[in-house]
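As you go down the protein sequences, you meet chains X and V in turn. So my numbering is basically just the index in the first sequence, starting at one, shifted up by 31. So my numbering is basically just the index in the second sequence, starting at one, shifted up by 22.
Take the hints with a grain of salt, since some may be wrong.
Computed far set for chain X versus chain V, every beta-carbon distance over 12 Å [claimed, not checked]: (1) 131; (2) 291; (3) 366.
Examples of chain X residues lying across from chain V (beta carbon under 7 Å, computed) [said to hold, decoys possible]: (4) 39; (5) 41; (6) 81; (7) 103; (8) 104; (9) 110; (10) 112; (11) 116; (12) 129; (13) 130; (14) 133; (15) 134; (16) 163.
Simulated crosslink set (BS3-like; lysine-lysine; CA at most 30 Å straight-line) [as the list claims (entries may be wrong)]: (17) X:157 - X:198; (18) V:192 - X:170; (19) X:157 - V:192.
No wet-lab data here; the hints were simulated from the structure. For glycine and all other residues, C-beta sits at the position ideal for the given N, C-alpha and C.
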Amino acid sequence: MALLELRNITKRFGNLDAVKEVTLDIETGEFFTLLGPSGCGKTTILRMIAGFDAPDEGELFLEGKSLAGISPEQRPVHTVFQSYALFPHLTVVGNIAFPLEMAGLPISDIRLRVKETLELVHLEDKGGAYPHELSGGQKQRVALARGLVNKPRLLLLDEPLGALDAKLRERMQVELVALQREVGITFVFVTHAQQEALALSHRIAVMNAGRVEQVDVPEVLYSSPKNRFVADFIGNINLIDCFVVDSNHHGLRLNAQGLGEIAAPAQTEMGIGRHGVLALRPEYLRVGPANVPPTLKNHFLGMVSEYLFLGDETVYKILLDNGMTLEALVANAAPGRARFHEIGDRVLVEWRHDAGVFLLA
Amino acid sequence: MRAFSFWPKGDRLTRWLVTLPPSLFLIVFFLLPSLIMVAASFRAPGEFGGLAPLAERGLTLDAYRFLTEDIIYLWILAKSFLVAGLTTMFCLLLAFPVALLIARSPKRQRDFLVLLVILPFASNFLIRIYAWIIMLGPMNLLYSPVAVILGMVYVHLPFMILPLYTNLEKHDPALLEAAQDLGAGAWTRFWRVTWPLALPGVLSGSALVFIPVLGMFAVPELLGGTGDILIGNLIKEQFLDNRDWPLGASLSLGLTAAVLGVAALSVMLARRRSGKLGASV
Numbered sequence: 032m033a034l035l036e037l038r039n040i041t042k043r044f045g046n047l048d049a050v051k052e053v054t055l056d057i058e059t060g061e062f063f064t065l066l067g068p069s070g071c072g073k074t075t076i077l078r079m080i081a082g083f084d085a086p087d088e089g090e091l092f093l094e095g096k097s098l099a100g101i102s103p104e105q106r107p108v109h110t111v112f113q114s115y116a117l118f119p120h121l122t123v124v125g126n127i128a129f130p131l132e133m134a135g136l137p138i139s140d141i142r143l144r145v146k147e148t149l150e151l152v153h154l155e156d157k158g159g160a161y162p163h164e165l166s167g168g169q170k171q172r173v174a175l176a177r178g179l180v181n182k183p184r185l186l187l188l189d190e191p192l193g194a195l196d197a198k199l200r201e202r203m204q205v206e207l208v209a210l211q212r213e214v215g216i217t218f219v220f221v222t223h224a225q226q227e228a229l230a231l232s233h234r235i236a237v238m239n240a241g242r243v244e245q246v247d248v249p250e251v252l253y254s255s256p257k258n259r260f261v262a263d264f265i266g267n268i269n270l271i272d273c274f275v276v277d278s279n280h281h282g283l284r285l286n287a288q289g290l291g292e293i294a295a296p297a298q299t300e301m302g303i304g305r306h307g308v309l310a311l312r313p314e315y316l317r318v319g320p321a322n323v324p325p326t327l328k329n330h331f332l333g334m335v336s337e338y339l340f341l342g343d344e345t346v347y348k349i350l351l352d353n354g355m356t357l358e359a360l361v362a363n364a365a366p367g368r369a370r371f372h373e374i375g376d377r378v379l380v381e382w383r384h385d386a387g388v389f390l391l392a
Numbered sequence: 023m024r025a026f027s028f029w030p031k032g033d034r035l036t037r038w039l040v041t042l043p044p045s046l047f048l049i050v051f052f053l054l055p056s057l058i059m060v061a062a063s064f065r066a067p068g069e070f071g072g073l074a075p076l077a078e079r080g081l082t083l084d085a086y087r088f089l090t091e092d093i094i095y096l097w098i099l100a101k102s103f104l105v106a107g108l109t110t111m112f113c114l115l116l117a118f119p120v121a122l123l124i125a126r127s128p129k130r131q132r133d134f135l136v137l138l139v140i141l142p143f144a145s146n147f148l149i150r151i152y153a154w155i156i157m158l159g160p161m162n163l164l165y166s167p168v169a170v171i172l173g174m175v176y177v178h179l180p181f182m183i184l185p186l187y188t189n190l191e192k193h194d195p196a197l198l199e200a201a202q203d204l205g206a207g208a209w210t211r212f213w214r215v216t217w218p219l220a221l222p223g224v225l226s227g228s229a230l231v232f233i234p235v236l237g238m239f240a241v242p243e244l245l246g247g248t249g250d251i252l253i254g255n256l257i258k259e260q261f262l263d264n265r266d267w268p269l270g271a272s273l274s275l276g277l278t279a280a281v282l283g284v285a286a287l288s289v290m291l292a293r294r295r296s297g298k299l300g301a302s303v
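With the rest of the complex left out, here is chain V (with noise of 0.2 Å):
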């Protein structure tokens, strides 16, 4: 039998019209500034910001030079991995209840409980954290650690809902009746039947969080003390503040390959799970 094909065999003009478009918006908008950065970490910063011309100050590893220096990158990347996963890790506790219940709610209301969901992005961004300042200024968490944490959980939480609740709207309720009539209690069925069907949405759900989380400067800033700088801010500082370019383009491409590192781990440690299911007996 042949495969299905979304597309008619042989229709390749088809093909290439459809992802033209889409290819062409990610290289002039992904792939080329990229690139740029790449090469901008090789230069050497301007007097007064941007690039100091080539012809003058030639190429330099100058900007890596400076950060395998001072152990301080190290430790604020570390630091911004820690809230990333700290805030994907409350995400996923909050979010799953809310997803799991919207989910079973009668499918008339399963749209407004969405719609309440993806009600905050209504309102402005810097509003909503400005309002968290208000609320945790008198209760004395203002400025610290676990404000930084509060409203990356606060601003990501729907990112996490969405995802899951596309996952186990799709769960056939009659597995949960069939585990059951096989002897499962509740807890059971949650490990054995939910919990491992809901995965993919856990992973998409974890990555939509954790990856902004990782970038993100406002929070730290707003939220944060002086020592909750996260490498977002980091960043951006050196293109703003400090004028320093090629130091900037260096520690965003050190993200860049971290946050790749972590996606290759988290596919491989997927395949090998997904290998191992159902092979324990």
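Next up, chain X with everything else stripped away, as it sits in the complex (with noise of 0.2 Å):
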């Protein structure tokens, strides 16, 4: 039994359905993350979790028991909200030992309690400050250890890292990571950054207006994407347009306007004719001279008309001669070597049969 079920949960605003049917499985210990868009219902659901909203339709269990009529109050999950929202008039230890006190815990147990949050979160020094004399970095710790300390069956972080700056988010994101380890609470994050949600979910899942696109790891759903929207959510995607020509065990034959064939890899119930988009990484794409045979079988010309420099990689965005373009990400790893292109290079663009995969329109 999963530890927090969402079955066919529907909530409208209005005449706005925030949330359509939405059914997910959450499992003890799991670092999981809504990912969308802004407007996507992944805010609504955490609402609806902690208690703020009901659903109108569907109902939500915990541990197995219906969460239906159960105030926020009484409910064992709690949250990190986006704006951190800390008591101003407490200090650092009274905002940590606030739920402690809610529970009724005895002082000296408080007070221990709080102690091992704050070292948990590495502020000890920091407990007789107000918010206000806080750091972003320190405020988001504060509200960590204040979701934390009361051991919830479960921990809602509502973009809790939007607020922080690059280095800063980068550094609480590991340390984000770090601690659900040590602590084993589950978690359920909301985020709109795909990067973010890669880095740190051990599961997904992907929404767009409402809905679940799909469920799954990291790995799985940047390699699989199972549609378009998520194919193009998630990183950086070529997505080319065509028809399957051929179908069988051991691939599949697409044909592109202009362009001619394309192998991919084989897909199971892929009828001939059929239209969709091939979604191709521009990490699988390789780029050499045009006066190079090809060595691969998908292999087609065409021009670099523009390059982003990264440092370790670069970005080119290479013009075929059939006017589509293509973007490949190369890692600059020849010593010596800061880029290999430059814009107007004649190009051979390469990619093995068994990449990518074709979605249907």
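Using the hints, put the two standalone chains together into the complex.
Written out as structure tokens, the structure is:
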């Protein structure tokens, strides 16, 4: 039995279906992420788990027991708010002690637990400070400590890293993963940042317009997106319009307008003539000089139209001779070479026949 | 990091020019009159009001001697404090729910509700008090301490509602959600979050009610009985009826000293309180 089950949850605001028939299982000890663009319903799901909103249809179960009619203060579920929502009139210690006081713990236990939790988030020396005296990263840690201290069954995190600058954000990501592993509490994390989701999560539910598009571990989500939305939302991807020419257990033969035949990995039940897109990650592409003979089955000529030098890697935009633009990510791995091609260079683009995934339109 | 300053650093001239008019105003209309009162309290009363010529009677401590000789003045001062305290308490009890309601109304309705609170100011103060006379008469409450408190609360209620509303409106609603999320019921949320955060509003509202009530003479005169005179009435009588300006001046200074004493005490209490917050664990 899953720790938290969402069964056919629908939530409407006026005429708008904020969440549509969502069914999810979240397992004990998981770092589970709800990922999607703003307005996709991920925060609404979080609020329903916390108890601030009630679903219009469907039901939530925590450890097999329905959450219907149970108010937020009675749920063993705590939230780390996007704005942190630290109590400004209480010190760090006062904030962290709050849920323990609410639970009616004896004062000696409260002291001990607060001390342990302060150590856990590396704020031992900030116990007497007020929230306005803390930096963004410190506030973030106090909010985490306050959410964790009473050992909830679930900790909900609503874009908790959104207000931090890039450097700090990266550091907090590492800390967050370590923290979750250490305390073993189930995390439900909401974000619109796909990289963050990939880096932190055990499993990710990709949401779009109130629905769950795909639930999978990050690697599968990245390499085998189920549909065009997921492919496009997670990472960068080339989408090549094409239709099926032949399909067997060795692979697919596709045809793209003006490009000719493309070999793609086998997929079951793919009828001939069906239209769709071949989704191809930029790092699957190989880019070489046009005068070197091709070594792979899928090879096309083009010209470098733009590049973005990232240091360790370079993103090339390549205009193929049929007018289509592909994006290729090339590691700058050769010693002494910072970059390989200039704008206007004729290049040969190649990729393996087992790279990419064909998605029906 | 340099502390934020509203004034560009070194622009002293601007600072002086901006603060000069209010400073002048306060000097001319507050500081000088206060000094005149201090001077008057050491003079002798004139035969037909005003002050006796300095050359004839000189300086005297008569007014202060008179004050300390009769316990009645202290009693009236104490009674005035009691009335001011009760009025402040009732205003707070009535104003808090109202201010909370306005602060939690949709934004578009708030301005309208605030307008309703200040609407009574549109009609004359005396007319509103006379309306109370008409209402209280048949209820057999007129000319009683109850009538005085009722009138005081009625007149000063907006001065409690407005600062409270200004404070409560700024509260982040996420704080209450956080408190609820962490296990606090409605009552606990109020006492542990809303109330402590509202304290600055409570303090300024209380000051805006307590201090004017102490000096108020119209309400007790119109609604109270002969036994209900307060320190404000007493001061007014010395100047207008008894024509004993030095006594009036010394009473007035005594009141000022008492008010400053209370203010100092409440500031000290507030400091001690904020020092304790959060240190309880």
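- request: Compute the least Cβ-Cβ separation between residue 131 (chain X) and chain V, then decide whether it is above 12 Å.
  value: Non-interface label on residue 131 (chain X) violated, nearest chain V Cβ at 9 Å vs cutoff 12 Å.
field: Status of the hint placing residue 133 (chain X) at chain V (closest C-beta pair under 7 Å)
entry: holds, 3 Å
query: Minimum Cβ distance from residue 134 (chain X) to chain V below 7 Å?
result: This hint holds: residue 134 (chain X) lies near chain V, its Cβ roughly 6 Å from the closest one there, short of 7 Å.
- request: Verify that the Cβ of residue 291 (chain X) lies farther than 12 Å from every Cβ atom of chain V, and report whether the claim holds or is violated.
  value: Its Cβ never comes within 12 Å of chain V, the nearest being 57 Å, so this holds.
- request: May I ask you to test the interface hint for residue 81 (chain X) with respect to chain V, counting a Cβ-Cβ separation under 7 Å as satisfied?
  value: holds, 6 Å
- prompt: CA of residue 192 (chain V) to CA of residue 170 (chain X), is that 30 Å or under?
  reply: holds, 20 Å
field: residue 112 (chain X) as an interface hint toward chain V, with CB separation required under 7 Å
entry: The hint holds - residue 112 (chain X) has a Cβ within 7 Å of chain V, the shortest such distance being about 6 Å.
- prompt: For the hint on residue 129 (chain X), does the least C-beta distance to chain V fall short of 7 Å?
  reply: holds, 6 Å
- request: Please verify that hint: residue 116 (chain X), Cβ, nearest Cβ of chain V, below 7 Å or not.
  value: holds, 4 Å
- prompt: Was the hint right that residue 104 (chain X) lines chain V, CB cutoff 7 Å?
  reply: This hint holds: residue 104 (chain X) lies near chain V, its Cβ roughly 5 Å from the closest one there, short of 7 Å.
message: Quick check on residue 103 (chain X) please, does its C-beta sit within 7 Å of some C-beta on chain V?
response: holds, 5 Å
message: Checking hints one by one. Is residue 41 (chain X) an interface residue toward chain V, by the C-beta closer than 7 Å rule?
response: Since the shortest Cβ distance to chain V is 23 Å, the answer is violated.
Consistency note: the structure conflicts with the earlier hints numbered 1, 4, 5, 16.
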